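Protein chains in written order, with my numbering: chain A, 1 to 160; chain B, 1 to 160.
Hints in this document: simulated from the structure, not taken from any laboratory.
Keep in mind that a hint or two might mislead.
[Said to hold, decoys possible] Derived list of chain B stretches under chain A, where covered just means 3 residues or more per stretch with a C-beta under 8 angstroms from a C-beta of chain A:
no., segment
1, 109–122
2, 130–136
3, 139–146
[What the hints assert, rightly or not] A partial selection of chain A residues facing chain B, derived with a Cβ cut-off under 10 angstroms:
no., residue
4, S41
5, K46
6, A58
7, G85
8, L144
9, D147
Treat the numbers as computed from the prediction; the structure is a model and nothing was measured.
Virtual Cβ for every residue (Gly too), placed ideally from N, Cα, C.
2 protein chains.
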Amino acid sequence: GDTAATLGNGQVETTVAADATLPGWEVELDATDGGLQVGDSVRFSKTLSAEDVEQFAAVSGDTNPLHLDDEAASQTRFGGRIVHGSLVSGLISAALARLPGTVVYLSQDTEFRAPVRIGDRVTADVEAVEDLGGNRFRLRTQVLRDDDPVIDGEAVVLIE
Amino acid sequence: GDTAATLGNGQVETTVAADATLPGWEVELDATDGGLQVGDSVRFSKTLSAEDVEQFAAVSGDTNPLHLDDEAASQTRFGGRIVHGSLVSGLISAALARLPGTVVYLSQDTEFRAPVRIGDRVTADVEAVEDLGGNRFRLRTQVLRDDDPVIDGEAVVLIE
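So here's chain A without its partners, still in its complex pose (with noise of 0.2 angstroms):
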């Protein structure tokens, strides 16, 4: 679960357990546990929060006015904060890691088709599209906002 343990600097460090589902975050898992094949899929939702945003500028080193600062996004094309798209983006990650196995990622193309808002609920969804050997498998990535994809993609893995 979501322990939290204070630092010596304290600054309070949010310990995520391995293979954790935290309050929120929703699997949906359609695959048979022998190993993964084409066809099987799994989606994995949650709200990127304003803390997720301002997290993630820390670890990422990316903070851009553009999800930081609401003064200076109001006056791009948005007209306000918008998610990192490799925030985003890191949710087919995380439904990745939920497939059969022990997955490794080898390879994300990933085109941002619409920008996400800070509270938005999100869906990754990725199924397996083409078994290319020795464990490798071509997946088809997308990030969903109410049905709407906000990135398309394609992924390949190697599952051990």
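Here the structure of chain A is known, so what remains is to put chain B in place on it, guided by the hints.
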């Protein structure tokens, strides 16, 4: 700068100011301020800590034991915990964000060439290689550890 404010629920929110460069982050920008041109480049370096990996797991939902559980990770081909590929590619976004103008991410293709270990210092190195017209540019994007590529890829951005 990096200021911490306590949220209602007792979790300290690390607030990162827009355009901030935190201690340990390093930026090298090689671009004229007259707007992005082919040949312009930027490098962004930071160290990826265990806290970064655990916070990324909490904000993305990727709680793959490969990143969080020493015991489980030691039994994989990596022999120990590795940093989420999505977090490492987040540094590309951090580099792009420091190009002149407001940078809008349109696409990112990423190949994960080698694992990044907890505690590694890595550098996202991006260079504009083609002007696609309409303020869109194609960039070569790499993440390096001691000059070895851990990520190879390509991005398309729109500069507002």
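Going through the hints against the structure:
1. 109–122: holds (count 4)
2. 130–136: violated (count 0)
3. 139–146: It is violated, with 0 qualifying residues against the three required.
4. S41: 16 angstroms, violated
5. K46: 5 angstroms, holds
6. A58: 5 angstroms, holds
7. G85: Hint on G85 of chain A: holds, closest Cβ of chain B at ~4 angstroms, below 10 angstroms.
8. L144: Violated. Min distance 15 angstroms.
9. D147: 19 angstroms, violated
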